[in-house]
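> Line order of the protein sequences matches chains A and B. Just so you know, my numbering puts the end of the first sequence at 185, numbered straight through with nothing missing. Just so you know, my numbering puts the end of the second sequence at 126, numbered straight through with nothing missing.
Some clues are possibly wrong.
Just some of the chain A residues that point at chain B, by a computed CB distance under 8 Å [what the hints assert, rightly or not]:
hint : residue
1    : Met-1
2    : Ile-89
3    : Ala-118
4    : Thr-122
5    : Thr-125
6    : Cys-126
7    : Gln-149
8    : Gly-155
9    : Val-157
10   : Leu-161
11   : Pro-162
12   : Val-164
13   : Asp-170
14   : Tyr-171
15   : Glu-174
16   : Leu-177
Below, a list of computed lysine-lysine pairs in the BS3-like style, where the Cα atoms sit at most 25 Å apart [claimed, not checked]:
hint : chain 1 : residue 1 : chain 2 : residue 2
17   : A       : Lys-18    : B       : Lys-58
18   : B       : Lys-100   : B       : Lys-90
19   : B       : Lys-117   : B       : Lys-90
20   : A       : Lys-95    : A       : Lys-141
21   : B       : Lys-117   : B       : Lys-95
22   : A       : Lys-176   : B       : Lys-8
23   : A       : Lys-141   : B       : Lys-2
24   : A       : Lys-176   : B       : Lys-2
Hints are computed from structural coordinates only; laboratory data are not their basis. A quick note: this is a predicted structure, and the numbers were derived from the prediction, not measured. Think of the CB as a built atom: it goes at the ideal place given N, C-alpha and C, for glycine as much as any other residue.
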Amino acid sequence: MMTELSLNVLDVAENSAKAGAALIQIAVAADPDADRLTISIADDGCGMTKEQLARVTDPFFTSRTTRKVGLGVPFFKYAAECTGGTFSIESEPGKGTLVTAVFVMSHIDRMPLGDINATIHTLITCHPDTDFVYTYSYSGKSFTLDTRQFREILGGVPFDLPDVSAFIADYLSENKLETDGGAEY
Amino acid sequence: MKSLEELKAIRERMQNQVNLRESGGQTATRVVVGMATCGIASGARPVLTALSNLVQEKGLTGKVTVTQTGCIGLCQYEPIVEVMEPGKEKITYIKMTPEKAAEIVERHLIGGHPVEKYTLNSADVK
Chain A
1 MMTELSLNVL DVAENSAKAG AALIQIAVAA DPDADRLTIS IADDGCGMTK EQLARVTDPF
61 FTSRTTRKVG LGVPFFKYAA ECTGGTFSIE SEPGKGTLVT AVFVMSHIDR MPLGDINATI
121 HTLITCHPDT DFVYTYSYSG KSFTLDTRQF REILGGVPFD LPDVSAFIAD YLSENKLETD
181 GGAEY
Chain B
1 MKSLEELKAI RERMQNQVNL RESGGQTATR VVVGMATCGI ASGARPVLTA LSNLVQEKGL
61 TGKVTVTQTG CIGLCQYEPI VEVMEPGKEK ITYIKMTPEK AAEIVERHLI GGHPVEKYTL
121 NSADVK
């Protein structure tokens, strides 16, 4: 089981990367007034057939061959539903997949968001050929990180270079702090 | 808000170094962290972060690349880190933590000697 929602995000986004996505869009939106936390992960990867889609929330279904269980999506679904929230997954072969989880923020069983910056940073630096658009919002304020923008400015300078990697980490932490004022949830 | 202007400065500064790195040969050591559900749930993300940071801090970026992989079927031993040096047998480290990762950077990646006590082989003997 995951201990933070941000780890679920990392896990599910890894599926997008494995699906050959060129662009992965991740949105984390906290709205304390409405008592909702919405997390979505959208990709333009290979997508799933209707049959795969129907079974993807079944822990005993996986496309992997190393083992017979696949717990990533079921974990995320359960994490949302046990707070009284909702979970949905839409997919089309050749088009991509959209995963959306809505959490009731104040529910006692809601896991903390955790270190979401570390998740996004890991995804960006470990998948240098994939583009990411990350949008973080809190109570109506928001910021976006778009690696396509970064790439354009950087030319051929890679994301895993120490200075660039440090810039991405600072960009995430400073802008998150400005957006949510350091709220912990 | 942090601006993108800084990135431009980084680009100017880095371009020369990048060219150096690209012509520096292909014989890099690969460090691979298992990042499937099993790995992530048992703590692979901080291990990966520690490894990437240390490789950068110790100036090993040209010699060592840190990457990730999916489930290799040994979920009970996660987080797993594999070290693949050119021309040597692959070393599989199991049940990693950021602290153990730091030891591996010091003693294996820099010192050249695998840390036997954390390897899969040593676990099988028990």
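> Each hint needs a verdict: does it hold in this structure or not?
We went through each hint and held it up to the structure:
{"no.": "1", "hint": "Met-1", "result": "6 Å, holds"}
{"no.": "2", "hint": "Ile-89", "result": "16 Å, violated"}
{"no.": "3", "hint": "Ala-118", "result": "6 Å, holds"}
{"no.": "4", "hint": "Thr-122", "result": "6 Å, holds"}
{"no.": "5", "hint": "Thr-125", "result": "7 Å, holds"}
{"no.": "6", "hint": "Cys-126", "result": "5 Å, holds"}
{"no.": "7", "hint": "Gln-149", "result": "7 Å, holds"}
{"no.": "8", "hint": "Gly-155", "result": "6 Å, holds"}
{"no.": "9", "hint": "Val-157", "result": "5 Å, holds"}
{"no.": "10", "hint": "Leu-161", "result": "6 Å, holds"}
{"no.": "11", "hint": "Pro-162", "result": "4 Å, holds"}
{"no.": "12", "hint": "Val-164", "result": "6 Å, holds"}
{"no.": "13", "hint": "Asp-170", "result": "6 Å, holds"}
{"no.": "14", "hint": "Tyr-171", "result": "5 Å, holds"}
{"no.": "15", "hint": "Glu-174", "result": "5 Å, holds"}
{"no.": "16", "hint": "Leu-177", "result": "10 Å, violated"}
{"no.": "17", "hint": "Lys-18/A x Lys-58/B", "result": "31 Å, violated"}
{"no.": "18", "hint": "Lys-100/B x Lys-90/B", "result": "18 Å, holds"}
{"no.": "19", "hint": "Lys-117/B x Lys-90/B", "result": "15 Å, holds"}
{"no.": "20", "hint": "Lys-95/A x Lys-141/A", "result": "30 Å, violated"}
{"no.": "21", "hint": "Lys-117/B x Lys-95/B", "result": "11 Å, holds"}
{"no.": "22", "hint": "Lys-176/A x Lys-8/B", "result": "22 Å, holds"}
{"no.": "23", "hint": "Lys-141/A x Lys-2/B", "result": "15 Å, holds"}
{"no.": "24", "hint": "Lys-176/A x Lys-2/B", "result": "10 Å, holds"}
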